[in-house]
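Participant: Under UniProt numbering, the first residue of the sequence shown carries the number 1, and numbering increases by one thereafter.
Heads up, a few of these hints could be off.
In the DSSO-like style, the derived pairs of lysine-lysine whose C-alpha atoms are separated by at most 27 Å in a straight line are [claimed, not checked]:
| no. | residue 1 | residue 2 |
| --- | --- | --- |
| 1 | K54 | K137 |
| 2 | K176 | K54 |
| 3 | K54 | K195 |
| 4 | K54 | K144 |
The hints are simulated quantities; they were obtained by calculation from the structure and are not laboratory data.
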Amino acid sequence: MAGPEFEGDLLILPHREACILPTIASNGPPSPFNIDIFTDASFSMTKGCQGSSKPSNPAGVAVFWKPWPGLLVRDPWHSRAFQLLACRDSREAELFAVVTGLETAALLAHLMPELRRVTVFTDCQDSIHTLMAAAAKASDPLVKRAVAASVELVARGVRVLVRWCPGHVAIEGNEKANGLAREVRYYNFRHLVPKEQPDSLAGYEIPEEYLERARRGDWWKDDTLRQ
C-alpha cells in the first residue's frame, strides 16, 4: 500500500540554472516571508573504514540559514550540526541532512507568522529522487520525517521546495554547510554521543558551544584526525 506523497516541489534544474537561486539566497538578506536552508553531509570514504558510521568514525550533517530578524551584520548565518551513527552510506547521510533542514524550517515557522516559503537546498540529487518516490518508500523513517515536516509546513500556509544546488562552485551557503558537515566529524563529543553503536540510524546534535570549545583544542578533541 502506497504511503503519502511529499507535500512540496522537488526540483533538479540544469547546472547553470540550478546555481542562480542558491547564489541569490546566499548573497541576500534574511526575510520574514522566506527561509532558504542549505544542507550537506559528510561520510568517510577512507580505505579501511567499511560499513556504517560508528562512534570512532561518525558521519556529519550541517544546515545553514539566515534567521529573521538579522541581528548580526558580521555573520548573518545560523547553523545546526550533527554526528550520525549507524548511517549506512553518504546517500543516507545526505537525506538526513535534507530532513534536518525541513524539520528546522518547521520549527522556525512557529516563530515566523508571516512565513510563506521554505526552500531547502541540497547538492545531492539522490535525496530529491528519494522524496519524489516518497509514496513508494513510506516505510523509510527518514522519508516519513520529511513528509511529516512538509505536511506541517503546508498546513501553515507555507510553500515547500527542495532544490538541487550544485556543490563546490563557490555558493556560500553550500560551502558553509559542506565545511561544517566535515568539521563536526573530527571531534569526539563523548558527553553528547554514545560510545556504543546504536541498532539503527541516530543523529546527535552538537551545540555551537561545544564546537567552539573543540576548535580551541579542549580535552574532548580526538587525538587522530578523521578523514
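Participant: All the hints need checking, so say for each whether the structure fits it.
Facilitator: Here is what the structure says about each hint:
For the given pair, K54 sits about 25 Å from K137 by alpha-carbon distance, which is consistent with the 27 Å threshold. With a C-alpha separation of about 24 Å, the suggested pair K176 and K54 falls inside the 27 Å cut-off, and the hint holds. For the given pair, K54 sits about 9 Å from K195 by alpha-carbon distance, which is consistent with the 27 Å threshold. Annotation: proposed proximity of K54 to K144 holds, straight-line Cα distance about 24 Å (limit 27 Å).
When each numbered hint is compared with the structure, no violation occurs for any of them.
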